[in-house]
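Colleague: Spelled out, the chains give:
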Amino acid sequence: NAGVTQTPKFQVLKTGQSMTLQCAQDMNHNSMYWYRQDPGMGLRLIYYSASEGTTDKGEVPNGYNVSRLNKREFSLRLESAAPSQTSVYFCASSGSPYGTSDPWGYSNQPQHFGDGTRLSIL
Amino acid sequence: GNSVTQMEGPVTLSEEAFLTINCTYTATGYPSLFWYVQYPGEGLQLLLKATKADDKGSNKGFEATYRKETTSFHLEKGSVQVSDSAVYFCAHNAGNNRKLIWGLGTSLAVNP
Chain A
1 NAGVTQTPKF QVLKTGQSMT LQCAQDMNHN SMYWYRQDPG MGLRLIYYSA
51 SEGTTDKGEV PNGYNVSRLN KREFSLRLES AAPSQTSVYF CASSGSPYGT
101 SDPWGYSNQP QHFGDGTRLS IL
Chain B
1001 GNSVTQMEGP VTLSEEAFLT INCTYTATGY PSLFWYVQYP GEGLQLLLKA
1051 TKADDKGSNK GFEATYRKET TSFHLEKGSV QVSDSAVYFC AHNAGNNRKL
1101 IWGLGTSLAV NP
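If you read the protein sequences in the order shown, they are chains A and B.
Note that our numbering gives residue 46 to position 46 of the first sequence, counting from 1, and the numbers run on in steps of one.
Offset between the second sequence (1-based) and our numbering: plus 1000.
Treat each hint with caution, since some may be false.
[What the hints assert, rightly or not] Cross-link-like lysine-lysine pairs, in silico, DSS-like; alpha carbons within 30 Å at most:
(1) B:Lys1077 / B:Lys1056
(2) B:Lys1056 / B:Lys1099
(3) B:Lys1060 / B:Lys1099
(4) B:Lys1052 / B:Lys1068
(5) B:Lys1077 / B:Lys1052
(6) A:Lys57 / A:Lys71
(7) B:Lys1056 / A:Lys9
(8) B:Lys1077 / A:Lys71
(9) B:Lys1060 / B:Lys1077
(10) A:Lys9 / B:Lys1060
(11) A:Lys9 / A:Lys71
(12) B:Lys1060 / A:Lys57
(13) A:Lys57 / B:Lys1056
[Said to hold, decoys possible] Stretch-level coverage of chain A by chain B, calculated; a stretch enters the list once three of its residues show a Cβ under 8 Å from a Cβ in chain B:
(14) 8-17
(15) 42-48
To be clear, the hints were calculated from the coordinates, so they are not data collected in a lab.
Note that this is a predicted model, so its numbers are computed, not measured.
Positions of the beta carbon are idealized from the N, C-alpha and C atoms, including for glycine.
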């Protein structure tokens, strides 16, 4: 049971380069999230997608774009990488066992995380 | 507003010691409360949760009780092991919002 899979696991970029972080989940979850984790800052939400076809900004969206390609996949793109974007990036998903017919069920569902992408920008 | 405050780490304990990690929150509505654990080099995973006042979540010897009157959800374990060394995050979902509000995490190191 794979859960949430992130690729790549490690990446080094030069300032100004672009790249896309990939995330896929096999739990049929409606909601997906991208976070960054920095020392002393905890987890900060970059973007999230409450359901297929929708995306919304989180706390720190500047410099990033996202695409909810389908229900399984949610990618994060850095168009022009900057050293301040050096971080560990986590993708997560969550969903109600009753699907979208249970609008309150999602509130008690935990988020499931991938193992992260460690990104360094020189 | 919505927030989570956790005690600062690092917390260093000897094996078999009692653990408490404090967590307090502010929230609109009636949130569910969560504790997540992050082992070195891994993503976060759910440790336990509580969905209403006075609920006790428990897992792997850890416990936390949803205290609405003190807006707290302190994590406890009676006897820690070296394998419990990790970072622990407290979070809530601010009512019926799909987003989680996170604490900054508390690092725990358990020495043999």
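Colleague: Honestly, which of those hints from before does the structure not fit?
Modeller: Hints 7, 8, 12, 13 and 14 contradicted; others consistent.
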